[in-house]
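Visitor: Based on these hints, arrange chain B with the ligands on the given structure of chain A.
Here's the letter readout for the chains.
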Amino acid sequence: MNTIQDLFSGFMSFLRGMKITGANLGRDKTTVLYPYEKADVAPRYRGLFVLPFNEANGRLNCTGCTLCIQACPTNVITLTKLGAGKHGGIQDFQMDLGRCMFCNLCVEACPFEAIEMTTQFELASTDRNVCVFPLTSLAQGGAAAAEKNYNTISTALAAEAAEKAAKAAAAGESGGHGAAHAPKEGA
Amino acid sequence: MVNTATTEQRHTVEVNLGPQHPSTHGVLRLLVELDGEIIVSCRPVIGYLHRGLEKMFEKRSYKQTIPFTDRMDYCASLNGNLAICQAIERLGGLQAPERAQYIRVLLCELNRIASHLVFLATYATDIGATTVFLYAFREREKCLDLMECMTGARLTYNYVRPGGIPQDLPDGFENGLNCFLDDLLKALEENDRLLTGNRIFRGRLEGVGVVSPEMAAAYGASGPVARGSGLNYDVRKTAPYEVYDRLEFDVPVYHTGDCMARYLVRIEEMRQSARIIRQCLKDMPAGEIMCKMPKIFKPPIGQAFSRTESPRGELSFYMVSDGTPNPARVHGRTPSFVHLGMLPAMLPGVKIADVIAILGSLDTVLGEVDR
Ligand code: SF4
Ligand code: SF4
Chain A
3 MNTIQDLFSG
13 FMSFLRGMKI
23 TGANLGRDKT
33 TVLYPYEKAD
43 VAPRYRGLFV
53 LPFNEANGRL
63 NCTGCTLCIQ
73 ACPTNVITLT
83 KLGAGKHGGI
93 QDFQMDLGRC
103 MFCNLCVEAC
113 PFEAIEMTTQ
123 FELASTDRNV
133 CVFPLTSLAQ
143 GGAAAAEKNY
153 NTISTALAAE
163 AAEKAAKAAA
173 AGESGGHGAA
183 HAPKEGA
Chain B
330 MVNTATTEQR
340 HTVEVNLGPQ
350 HPSTHGVLRL
360 LVELDGEIIV
370 SCRPVIGYLH
380 RGLEKMFEKR
390 SYKQTIPFTD
400 RMDYCASLNG
410 NLAICQAIER
420 LGGLQAPERA
430 QYIRVLLCEL
440 NRIASHLVFL
450 ATYATDIGAT
460 TVFLYAFRER
470 EKCLDLMECM
480 TGARLTYNYV
490 RPGGIPQDLP
500 DGFENGLNCF
510 LDDLLKALEE
520 NDRLLTGNRI
530 FRGRLEGVGV
540 VSPEMAAAYG
550 ASGPVARGSG
560 LNYDVRKTAP
570 YEVYDRLEFD
580 VPVYHTGDCM
590 ARYLVRIEEM
600 RQSARIIRQC
610 LKDMPAGEIM
620 CKMPKIFKPP
630 IGQAFSRTES
640 PRGELSFYMV
650 SDGTPNPARV
660 HGRTPSFVHL
670 GMLPAMLPGV
680 KIADVIAILG
690 SLDTVLGEVD
700 R
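Line order of the protein sequences matches chains A and B. Heads up: the first sequence runs through residues 3 to 189, numbered per this note's numbering. Heads up: the second sequence runs through residues 330 to 700, numbered per this note's numbering.
Bound conformation, chain A alone (with noise of 0.2 Å):
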């Protein structure tokens, strides 16, 4: 008696079963056929770097403050400082990737919003070599972005330099009569 229970009891719960994968079977479709069909990636997902560049100054934000470098766990960023001071820049910008964490953290670090992070996911390489993202493929507008980031910042320190070597020769003639003729008089 209580083996016919127990198949008639197993029967019931297999066929509840069934009725809710039933039900189910109506129901939208949840996947998306990837890498055909690509799912919405939210605005705040944490993805690729992109260092932005700054078209009303023609150069990236970054100064090369090496802010982000301190707050990187795990030594993912290095980078080639150019010139320093109010034009300080940066030559090169090298991201291992194979390192990163995607922890923003050098992002919140940075205080001149010169490193950002976008929706690409896509990261996934066979080399570990293609990890290491230069400043050529971070900067916002590739190789030419990078390429005027240091035009710009070059001509900058070049123009910065000759202001200072001409404030220079000015004060070191004033300043150099001064202390010619000074031991002059006391003599």
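Source of the hints: derived by calculation from the structure; they are not laboratory data. Heads up, the beta-carbon is just placed ideally off N, CA and C, and yes, glycines get one too. Keep in mind that the hints are not guaranteed to be accurate.
Per the computed footprint, the stretches of chain A lying under chain B, defined by three or more beta-carbons under 8 Å from a beta-carbon of chain B, are [what the hints assert, rightly or not]:
(1) 17-31
(2) 39-48
(3) 96-106
A partial selection of chain A residues facing chain B, derived with a Cβ cut-off under 8 Å [to be verified]:
(4) G12
(5) P75
(6) E110
Guide: Below, chain B with the ligands alone, put in the same frame as chain A:
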């Protein structure tokens, strides 16, 4: 099968379960000694995923430790973030603004739902109900989409900071969240009919892997494992953190102590989480989300301890500061590690087919065991 050993009376066989085994949910190796179908002894072998996180914490600044906690309990990484940030906050005497606290609780509960849905999906598959896997992951997908909207990542959120949270809720988040909660409750109700009431499922779980309350207490079990054994212990109630003391929710406790009880606790917890999230949305004040932080954070010499209720149990961090920008010592008390330690006591005498049911019901995450 590795070898056969002859004892005085009979032959026992040692079998490796894992490290590459889909039902161990990670790289766990169980060395079980079998007498026919019955388990004589069991030895969990861990360490395949050891990354030395506690040492790595010592070499990094306080803020830099947070993304590593994502990689401990990767099913519920926000709880890890919160636990370590609370320890840091206690060291530095920081206090997150109220709005940030509400958002933290909201996200942690959302993460708890996501984590329990993974449990539901994988556990049902372990037992043989593959359909549930698809349905639970369908719901989890919506949950992860919400988390992605909010934090920018799907699994490793890194979203809590000492002193607050980095970004406020995005536009349209509340609507999405309410829709998801409605869907979730419907799906849970459907799951009750599909799985919880299923004869075979119940037959596989009821009376299997019984943990007595004494044993649970002796081993330091927490979370659903303790609550399935009749211990009414939930850090959110016993030592409320963030704004949990202002929220109304029940702690489900079942007294049978078997796999079914642990399963039921988790299912009910999802409903309670939904309740908490709704309250958070309603009560959340406007305002700041981040408190004032010094540029270089150097907490005074001292130590701090934080306790949180992660989906797996009590997750704690102990942190020592020596006044430098890096912590001097960090230790994580992870529930999965503790629960795994119960296996050698739970398994002897059960049939090999029940091992997966018992292991799955502990819901261990190996990233947290090995850390
Ligand atoms: S996202 Fe994190 S790991 Fe990656 S470069 Fe930035 S700070 Fe470093
Ligand atoms: S990206 Fe930002 S933080 Fe990093 S060096 Fe450039 S300006 Fe500094």
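Visitor: Does each hint fit the structure? Answer for all of them.
Guide: Consistency of the hints with the structure:
Interface restraint, the segment 17-31 of chain A with chain B: holds (5 residues with C-beta to C-beta distance below 8 Å; minimum three). Counting residues of the segment 39-48 of chain A whose CB lies closer than 8 Å to any CB of chain B gives 6, so the stated coverage by that chain holds, three being the minimum. For a cut-off of 8 Å, the count of residues in the segment 96-106 of chain A with a CB near a CB of chain B stands at 4, and the three-residue condition holds. Given hint, G12 (chain A) at the interface with chain B, holds; its Cβ is 4 Å from that chain's nearest Cβ, closer than 8 Å.
The beta carbon of P75 (chain A) comes within 4 Å of a beta carbon in chain B, closer than 8 Å, and the hint placing it at the interface holds. With a least beta-carbon distance of about 6 Å to chain B, the hint placing E110 (chain A) at the interface is held under the 8 Å criterion.
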